[in-house]
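Chemist: So the protein lines, in turn, are chains A and B.
Take 1 as the starting number for the first sequence in my numbering and just add one per residue.
Take 1 as the starting number for the second sequence in my numbering and just add one per residue.
It is possible that part of the hints are untrue.
Reference listing, derived: stretches of chain B covered by chain A, where coverage requires no fewer than 3 residues with Cβ under 8 Å from a Cβ of chain A [to be verified]:
{"#": "1", "stretch": "30-41"}
{"#": "2", "stretch": "116-130"}
{"#": "3", "stretch": "150-157"}
{"#": "4", "stretch": "238-247"}
{"#": "5", "stretch": "325-331"}
No lab work stands behind these hints: they were computed from the structure.
These numbers come from a predicted model, not from an experiment.
No residue lacks a Cβ here, since even glycine has one placed at the ideal position from N, Cα and C.
2 protein chains.
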Amino acid sequence: MKDLRPTLATGTAAEQAAYRQAVAAGLGGFLETKRGELLAAAPDAAVLVDAIADLTEGGKRLRALLAYWGWRGAGGTAAAAEAVRAGVALELFQAAALIHDDIIDRSDTRRGKPSVHRRFERQHRMQGWSLAADRYGLAAALLAGDLCLSLSEEAFTTIGAPAGSGSEARRIFNQMRTEVMAGQYLDVLEEVAGPSRPADAAVDRALQILRFKSAKYSTVHPLCLGGALAGGSLELLRSYAEFALPLGEAFQIRDDVLGVFGDPAATGKPAGDDLREGKRTVLVGYTLNHCSGSERRYLEEHLGSPLIDDPTIEELRSLIIRSGALAAAERMIEELTATVYERLDGLAVSPEVSGALRALADAAVRRDS
Amino acid sequence: MKDLRPTLATGTAAEQAAYRQAVAAGLGGFLETKRGELLAAAPDAAVLVDAIADLTEGGKRLRALLAYWGWRGAGGTAAAAEAVRAGVALELFQAAALIHDDIIDRSDTRRGKPSVHRRFERQHRMQGWSLAADRYGLAAALLAGDLCLSLSEEAFTTIGAPAGSGSEARRIFNQMRTEVMAGQYLDVLEEVAGPSRPADAAVDRALQILRFKSAKYSTVHPLCLGGALAGGSLELLRSYAEFALPLGEAFQIRDDVLGVFGDPAATGKPAGDDLREGKRTVLVGYTLNHCSGSERRYLEEHLGSPLIDDPTIEELRSLIIRSGALAAAERMIEELTATVYERLDGLAVSPEVSGALRALADAAVRRDS
Numbered sequence: 001m002k003d004l005r006p007t008l009a010t011g012t013a014a015e016q017a018a019y020r021q022a023v024a025a026g027l028g029g030f031l032e033t034k035r036g037e038l039l040a041a042a043p044d045a046a047v048l049v050d051a052i053a054d055l056t057e058g059g060k061r062l063r064a065l066l067a068y069w070g071w072r073g074a075g076g077t078a079a080a081a082e083a084v085r086a087g088v089a090l091e092l093f094q095a096a097a098l099i100h101d102d103i104i105d106r107s108d109t110r111r112g113k114p115s116v117h118r119r120f121e122r123q124h125r126m127q128g129w130s131l132a133a134d135r136y137g138l139a140a141a142l143l144a145g146d147l148c149l150s151l152s153e154e155a156f157t158t159i160g161a162p163a164g165s166g167s168e169a170r171r172i173f174n175q176m177r178t179e180v181m182a183g184q185y186l187d188v189l190e191e192v193a194g195p196s197r198p199a200d201a202a203v204d205r206a207l208q209i210l211r212f213k214s215a216k217y218s219t220v221h222p223l224c225l226g227g228a229l230a231g232g233s234l235e236l237l238r239s240y241a242e243f244a245l246p247l248g249e250a251f252q253i254r255d256d257v258l259g260v261f262g263d264p265a266a267t268g269k270p271a272g273d274d275l276r277e278g279k280r281t282v283l284v285g286y287t288l289n290h291c292s293g294s295e296r297r298y299l300e301e302h303l304g305s306p307l308i309d310d311p312t313i314e315e316l317r318s319l320i321i322r323s324g325a326l327a328a329a330e331r332m333i334e335e336l337t338a339t340v341y342e343r344l345d346g347l348a349v350s351p352e353v354s355g356a357l358r359a360l361a362d363a364a365v366r367r368d369s
Numbered sequence: 001m002k003d004l005r006p007t008l009a010t011g012t013a014a015e016q017a018a019y020r021q022a023v024a025a026g027l028g029g030f031l032e033t034k035r036g037e038l039l040a041a042a043p044d045a046a047v048l049v050d051a052i053a054d055l056t057e058g059g060k061r062l063r064a065l066l067a068y069w070g071w072r073g074a075g076g077t078a079a080a081a082e083a084v085r086a087g088v089a090l091e092l093f094q095a096a097a098l099i100h101d102d103i104i105d106r107s108d109t110r111r112g113k114p115s116v117h118r119r120f121e122r123q124h125r126m127q128g129w130s131l132a133a134d135r136y137g138l139a140a141a142l143l144a145g146d147l148c149l150s151l152s153e154e155a156f157t158t159i160g161a162p163a164g165s166g167s168e169a170r171r172i173f174n175q176m177r178t179e180v181m182a183g184q185y186l187d188v189l190e191e192v193a194g195p196s197r198p199a200d201a202a203v204d205r206a207l208q209i210l211r212f213k214s215a216k217y218s219t220v221h222p223l224c225l226g227g228a229l230a231g232g233s234l235e236l237l238r239s240y241a242e243f244a245l246p247l248g249e250a251f252q253i254r255d256d257v258l259g260v261f262g263d264p265a266a267t268g269k270p271a272g273d274d275l276r277e278g279k280r281t282v283l284v285g286y287t288l289n290h291c292s293g294s295e296r297r298y299l300e301e302h303l304g305s306p307l308i309d310d311p312t313i314e315e316l317r318s319l320i321i322r323s324g325a326l327a328a329a330e331r332m333i334e335e336l337t338a339t340v341y342e343r344l345d346g347l348a349v350s351p352e353v354s355g356a357l358r359a360l361a362d363a364a365v366r367r368d369s
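Using the sequences and the accompanying hints, generate a full structural model.
Modeler: Spelled out as structure tokens, the structure:
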């Protein structure tokens, strides 16, 4: 996201920077209040908030920024408190999802730091406590994620009536949560049930998972949420969704490519992490359909094996390249991106908002982290 | 709860039965709608809702009933939709907490059925899926709990303005969630850090954990939430809390006694489950302070060992009895209960509400399950 500003008009860039800062300050202030409440009542539990605060300091803020420009595009005023609160709620929701996702995927790192369960494991070891460090890490991270999910909701409610019962924004927020959890479940299910399901539908299944767990959540819902909060018409929100869905798909396919081929120094995750976790992405689905029987057995054998070594990851990578899957994924990203830009041109928003959305779209699909 | 009705006036009992039925119907209808949404979008994910629906069919509905009588005591009308929705939200929150609690405690059973993670493990084994069944069970249950937590919130929001931004009911709902998660964390922390902390403060630490993770959550917050929704004065809510806190404490100490001495046929949990899980309850804290050095080492050695056998559980039980801990716990329950009844008499509520609260209090502290 660092090379984003040059492509934005100065005023738009300054406005976006101010919003980012307001979200960071909002997050910091909100969590500081919660930390104070816990310190007063149960000081030992304040570490839960510390873990959340450290995690939410990082990240691209893609969802908050999309909500902001969705808000602005629907006529919301610059730097409004509602938009900042929505950004805070979205960032907290994302943090909650990441904390639990890292438990599920047994990920050691997140945003270049230890994942939350590993952070608590380390605390256990440093203190020389009793019983198993990994069980404590899991329990503490599970509870930190639950708290973060609750705080996300608490922050969202502070928006007031525009996000209250029966509002379109509330409907979107609810739908987003249900879909992310359903999508995460489909992802977990595919890891275990995928091998016994028809291989020729593996790409389609991967695309469905990707839409639920990521595409709609990362782009469609935040953008529409911002628009709904500002009272945007259903027609505007529909056009937002049509623009944002291919963007979210391209975003996630880029993520999948980075999960196998990304540079650990840039992604903050170990090389080939997705293979170790057994993620059945579009890349994997395509490879399964375009390789020999023995190659398929090799892939199935090593996918999801936590102890997979670097030479094997190298071998799997070259298999994915040889099968044409990497090229196919890059082609999909390109085609989806073309659709994104076409639909962006059709959005009934100001040139400033359009320019900001274009820059976000660029950053989302061209990123290396 | 089965011997509750005889102590209630007929009209009150009928009103309470109608409310219970309305909450059950509300839960069923709400979850059916969610299930339908998932079936339409991602049929494979509907099992998450099935697990939640099965779990919420059971339970004593203590929290929902307290919310109801809190509502009625503050002038809310009988059978009002707001009170039913609050009950649905509280029951869903409780289900979410149980699903994640059972992951943390590695509990095999809940409400006489397999716990949710075991349910999903079993599905994995029956389907003959790939990779490890226990990892799949954990992941699926973690996501089912997250979904349940979100749905609890979604149900709560449908109450509308009385539970909206800035309302007292919302403040209580928020506080309840934070405190439960903090309390659960303190519980987990005590399991690992307890052995290296001063033994003579073990009972005090156990009481603090009990207040956060259970007492306030099980009684104070539901009762006050109901009262706040009906617009009860802060004075009334304060008197609710003063009545409900000792009730919640007695309720949880009863739970701790049942966790060590309860009849598996009545509790739906294996005998001595709390010892296996390493729960450092008031019972354990008291025992540590009233036994010999060798007994203490024996207790520390076996607490939290998943493979602890039945003869050892028998030995630990007799140690707890010998130390005077069981008698002390029963005495605490008695004293707390006396305070409860004293404060109940001081509540400015109708005789019907007072009678209903008395019956709930009886059932909470005299139960065997």
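Chemist: All the hints need checking, so say for each whether the structure fits it.
Modeler: Results of checking the hints against the structure:
Judged by the Cβ-Cβ criterion of 8 Å, the stretch 30-41 of chain B is covered by chain A as claimed, because 4 of its residues qualify and three suffice. A stretch counts as covered by a chain when three or more of its residues have a beta carbon under 8 Å from one of that chain; for the stretch 116-130 of chain B and chain A the count is 5, and the coverage holds. Counting residues of the stretch 150-157 of chain B whose CB lies closer than 8 Å to any CB of chain A gives 5, so the stated coverage by that chain holds, three being the minimum. Coverage of the stretch 238-247 of chain B by chain A is violated. Counting CB-CB distances below 8 Å, 0 residues qualify, and the rule asks for three or more.
Look at the stretch 325-331 of chain B against chain A: 0 of its residues bring a Cβ nearer than 8 Å to a Cβ of that chain, fewer than three, so the hint is violated.
Violation of the numbered hints given earlier is confined to hints 4 and 5; the remaining hints are satisfied by the structure.
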